[in-house]
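With the hints as constraints, model all of the structure from the sequences given.
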Amino acid sequence: MKGKCPKSFTVFTENSSSFTNRTIVTFNFRHFFLGFAYLLLFIFLALSILLWVPLHTRHSLEPSVLLERASLDHLPELVVLNNSLSFATQKNCTYYTCFDVYKCSHTHSGRIGVYVYPVVEFVDKDKVPITKKITSEFYNILKAITKSMYFTSDPNEACLFIPTIDLLNQNRIRPKDVGKALSSLPYWNEGRNHLIFNILPGSMPEYHPFLEVDIGYAMMTSGGFSSLTYRSGFDVSVPVYSPLAAELRTQSSQDRNWLVISSQPYIHEDFREVISEMAAEHPGFLVLNSCGSSPLDTKLRCRDEETYNFPDILMNATFCLVVRGARLGQPTLMESLAAGCIPVVVSDSYVLPYEEVIDWKSAVLQLYEDDLSKMMDLLRGVSSDRISEMRQKGNWIYTRYFTSMERIALTTLRIINDRVFPHIGRSYSDWNDPPIERRHLTYKTFALPMGPPRSQGFTAVVLTYDRLESLFHVLERISKAPSLAKIVIVWNNQFKDPPPISSWPRLPKPLQIVRTKRNQLSNRFYPFPEIETEAILAMDDDIIMLTTDELEFGFEVWRQFPDRIVGFPSRTHVWDGFNHRWKYESEWTNNVSMVLTGAAFYHRVYNYYYSSAMPGDIKSWVDDHMNCEDIAMNFLVANLTGKAPIKVAPRKKFKCPECVNADLLSVDLSDMTAHMAERSECINRFADIYGRLPLRSVEFRADPVLFKDNLPDAFKRFNEIGSL
Amino acid sequence: MQAKQRYILLFLSCAFLALCYFGGYRLKGLFPDRGRHWPSLDCYMDSEELMEHRAFWSLPPKQRQEEAKANTVREQCRMETCFDFSKCVSGFKVYIHPVEETVAMSSTYRKILNVITESRYHTTDASQACLFILGLDTLDRDSLSSDYVRGMQSKLNSLPHWNGGQNHIIFNFYSGTWPDYTEDLGMDIGRAILAKASISVQNYRPSFDISLPLVHKEHLERGGDILPIYAENIPAASKSYLLAFKGKRYVYGIGSETRNSLYHLHNSRDVIMVTTCKHGKSWKELKDERCEEDNAEYDRYDYEILLHNSTFCLVPRGRRLGSFRFIEVLQAGCIPVLLSNNWVIPFSEIIDWKTSAIWADERLLLQVPDIVRSIEAERVMALRQQSQLLWHMYFSSIDRIIFTTLEIVRQRIQQHLWRDGRVWNSFPGGLVTLPDYTDTPSRLPWNQQSSQFTAVIYSQYQTGSPLVPATSSGPLLHLLRVVSRSQHVARIVVVWASDAPKPPPARWPSLTRGIPLHIVVPQQKQNIGERFRPLDLIETDAVFSLDEDATLTTDEIDFAFHVWRHFPERIVGFPARTHYWDDTKAQWGYTSKWTNEYSMVLTGAAIYHRYYHTLYTDWLSPLLHKTVDQSRNCEDILINFLVSHVTRQPPIKVSQRKQYKNSNLSAVARSPWNDPDHFLQRQTCLNTFVALFGYMPLIRSAVRFDPVLFKDPVSNLRKKYRQMESVHN
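Protein chains in written order, with this note's numbering: chain A, 1 to 724; chain B, 1001 to 1729.
For the record, the hints were derived by calculation from the structure and aren't laboratory data.
In this text the structure is predicted, and so the values were computed from the model without any measurement.
Think of the CB as a built atom: it goes at the ideal place given N, C-alpha and C, for glycine as much as any other residue.
One thing to keep in mind: the hints can contain errors.
Pulled a few chain B residues facing chain A out of the computed Cβ check, cut under 8 angstroms [as the list claims (entries may be wrong)]:
(1) Met1051
(2) Leu1389
(3) Gln1415
(4) Tyr1437
(5) Ser1451
(6) Ser1701
Okay, here's the thing in structure tokens:
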């Protein structure tokens, strides 16, 4: 075991596939042999293609630094001259002073080019290697980088250079010679734009929290940075990779019997005293040590005579103590995260991994070394909600950024890439929130608690095909609303030109006509640049019964709830227990879960979402069937916000007053039942696509404050509410 | 079988075997790492290291720490070495050193001291204090400036509690002077925390110093309500310019480079970069060949209009790294484009500036227009909203800036507290999120929904023995019965503030469904704010606050609760009031008349989140509490101020009911509602609160919520809340 990873390489066993073809088993040997011959021929051809084609293409694609595992055993040797100079590490480097940004071709790719030096073995003049053999972790880093999208084999295109001297552990190298070897690299340039991978810095007895190698202007990763020497925004703090953590396959554990476990085999007496004092007092605290009989067995821990399997035991605890050792960073951090055990980090001035982008507050508890004795009181006060939140967050961070050296290397590159191209860099939420949460959180358009001011007004977007008479009627009506800023007509008829300006009614408000390429319902939700206000009033060309007061009041309500659909005709969905499906309901009910976009206010950002972020094939389905675009919009908004729409003012008969229960679409009214059935079908279809029914239902509607009050009309701001 | 076929078969078999033999190793080439047993590579860390088996400590950690604490030099100060946590055990209190009247003080520093003095953090007892603030103005340490205080060092050293600067925060805006503008303050701050504008990455002591924004003398002391992009006079939708900058350039010396090359970006269409060489006295001697041209172009644009009409605004460094632009740009509703290499952006410890600003690099100045153009409309919207949000929460007034600074320090002291980046970067922000209330954000009003409420009935008027006819008519009994009929009530708590003795348990009715009833007698009966004390008895998130004489129907209670569940951050209730600006008296007025709008919902019959009890008691300034205690009135106005201040939203009135008081009781009891003085007092309160908040936080609403079928021409049987149909005003 000594000197090797506790976890050995997985050996690939080829599946000896037997080509028994059961379908041709027959008594006719002739057929059998013929079949066999053809089969052989087929295999022969297939193998030829398989062997020649990819090998050739691979050779042409593969970089000159072929990181074949085989080549590592026979590395070319390079002698480091004794008189060559190294360039001391610059302690005050920042990204702006030591990184040459001009090397990063600012093309539109938004991606840095990373060059990896060919792997060679550096030896001194006596042919003694200056480092120990390359480690599996470093090999995995190099492999990951050469396979990544950042890799370039052309040093002239590169903006970041990776030396291939394995410096992960300072104990495995001769620092002075390494410094010289680095400065002998062909593109070294005093270390500018170079990235040095290190995890364990410092060595006995001082254990300095930085790599004691002269790296000039190069950047460095390390697992044990102290905030005193960490160059913020320049270096990258990485986790202390634990090979044991990868062996934990599952994190879910039902019985976490221990409140907290201290599992580090070596903790300094100063801390050990405090810890054992606490453990004596609290039975929920399990303190483990290395086992007396086999002190070097990494997979065993002991408490007196009891032995425990490590790291599995961590799955039995809610919290795991991670105290500083000789070095600030400890592999236990990674092991605890892997085991779903919330780390309690006690290590003053330690720079946590990826602190530049990861908000550790939501995944670990940090304590000052002086406060270690207060740990138990604090831990017992943590609520169960918080425990599960932290565990989830830790789990997410671990699986996304920690699990393997490949991931650690790529995360590091990603961080540097974000520094070079900050305007397309990931945000806090991209780095920290699991995708499920992000759905609501990235949703920053409604970060502000209130809507735009009344003075901005709203834009009426009216979809029309050829019903000119009713359209003009609608336009005349809505143009009386003082808050209307502009009318945009979406002319959906490709066979007919809109009538000349002279025949349009004279309106006190600006009017623009947008012609569409195809007669599609989704055109009404297209983010036209003509829409300049945040509020959109979506209108059908036959809604002629809305009063000015109703429109103004509707806008007033929307300004208070700008993230919701606020409108007039409301519908609801009900569960049809008999048929086990959802049903669309347009009767007079106590509930509202949809507000139809035949007459509704909503924020124009939803036009972007409708056009670009509609899940599944909802959009094309709507266009194909010429129906349910309003239901799709209600689903979209409800899914993004988790909120219900708001119905304004009492119910009116929309459409022609004589058609009872008329629904709001340009469909043949005689076909009402079929129409309703189709809309029920829409709800079920969309719910399947979303994986749930996002609609929420409410039992209230918005009325003006003095609605139905016994006051003279003169006192009321909105009089004509609900009138016909 | 024919021989031919056999031969073919044989040939094919041979070919196949040959292929396998020769091609096999190539096949392995396809899977270079997996095809062979390689001797495994070493692990970077052997078992001995993994077990830290022979780790040897040159210094035991305790001893190392003691030494660090004793000998730390300024650059190496961190909380664990330079800060004395033991002073903060009893609470987070701030002590201000006595102000020497003889020493000049800038108006901004005076504002800072005012804000702290009037806050809940302040203490006058130095032995209770965790943090110390100087009474000496350290804002301007530019030795050429008129505000520069001389002899600072000796003044510091003679302060009784200076203690080498330990646990002190020193505020500073300007340091260094011509020509190099170093970050040296010209005094030894010892172990003090430096809260400073224009800190560079190299000089910033992470998790110890705090980077401040540079603010004008005119910056509001408190309040700072209006969000620029939603101010009435600004075109928020589409702006005429994409990127703008108007300012001085220095022609020579430190920080002049970037501004001198800005003219390359200027295209007088959508990118407006105008600079002037006019500054200082001797600009004419040093002007370059572009100065005349630049000055002419400079005068063509008005600064305010330019900022307000641009989507993005450049924030380049000046002589120092930070500039006034940062605040000005946010204030104008423009998205900042940061162009100041190595600057530590204000409050970057808690704020995610990636989602609210564009980061540019001075070295790549010419790419800025392309970068800005490449940002799609959706993201522009999000950036603008987020930058406005941050402005509103942390920068819009001195008090917000100072409280943010203090809260950052508090967060470092109590490292385990949970207020993470998500809390700080989303509405309503870290300043109104009390970490002591809960340790998970999901329990806060803006994230939470609960299915039950606790009714808290405040009883204060009962003179005689209102429970005497224990059968029916007492209004309190009636109310208890109505509330207990609700499906959602978890518990009823009566706060017995009346002078009359609490009736014995036997006199109280037993409620249906075994709903628990608790009678609580507040410690200070005369203290009207007691009704908002957070009680352990209130276990639900929803608190239905009721006066004992409230007349409501069970349907109304259920409906209000239903509405509240959809707006848990607001006050939802029945009695609506409004404020108005009284031009004749030049002050705010208060009215209970039936108007088209309301801005308050009184807590005589309203439902709200119990978190507001905690905020009311623990978060509000002591001066506000004093106003309420002295007048024995206005507590319901104050909680409306509080909730509107936190949420920036109006309350919600439900149902048509206007009269919610039992008039019989009010007539006989000594109800203050009939007292005209009471009304005047409320008007006075309103104006005092506005002064203390620094602005008028109340927001008007014209919307009331009714049941969907309210007064609709359908059968009552189809309606869910039938009792509400027959409620008369």
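How the hints compare with the structure:
1. Met1051: This hint holds: methionine 1051 of chain B lies near chain A, its Cβ roughly 5 angstroms from the closest one there, short of 8 angstroms.
2. Leu1389: 5 angstroms, holds
3. Gln1415: 5 angstroms, holds
4. Tyr1437: Not OK, violated: tyrosine 1437 of chain B not within 8 angstroms of chain A, min 11 angstroms.
5. Ser1451: 15 angstroms, violated
6. Ser1701: 6 angstroms, holds
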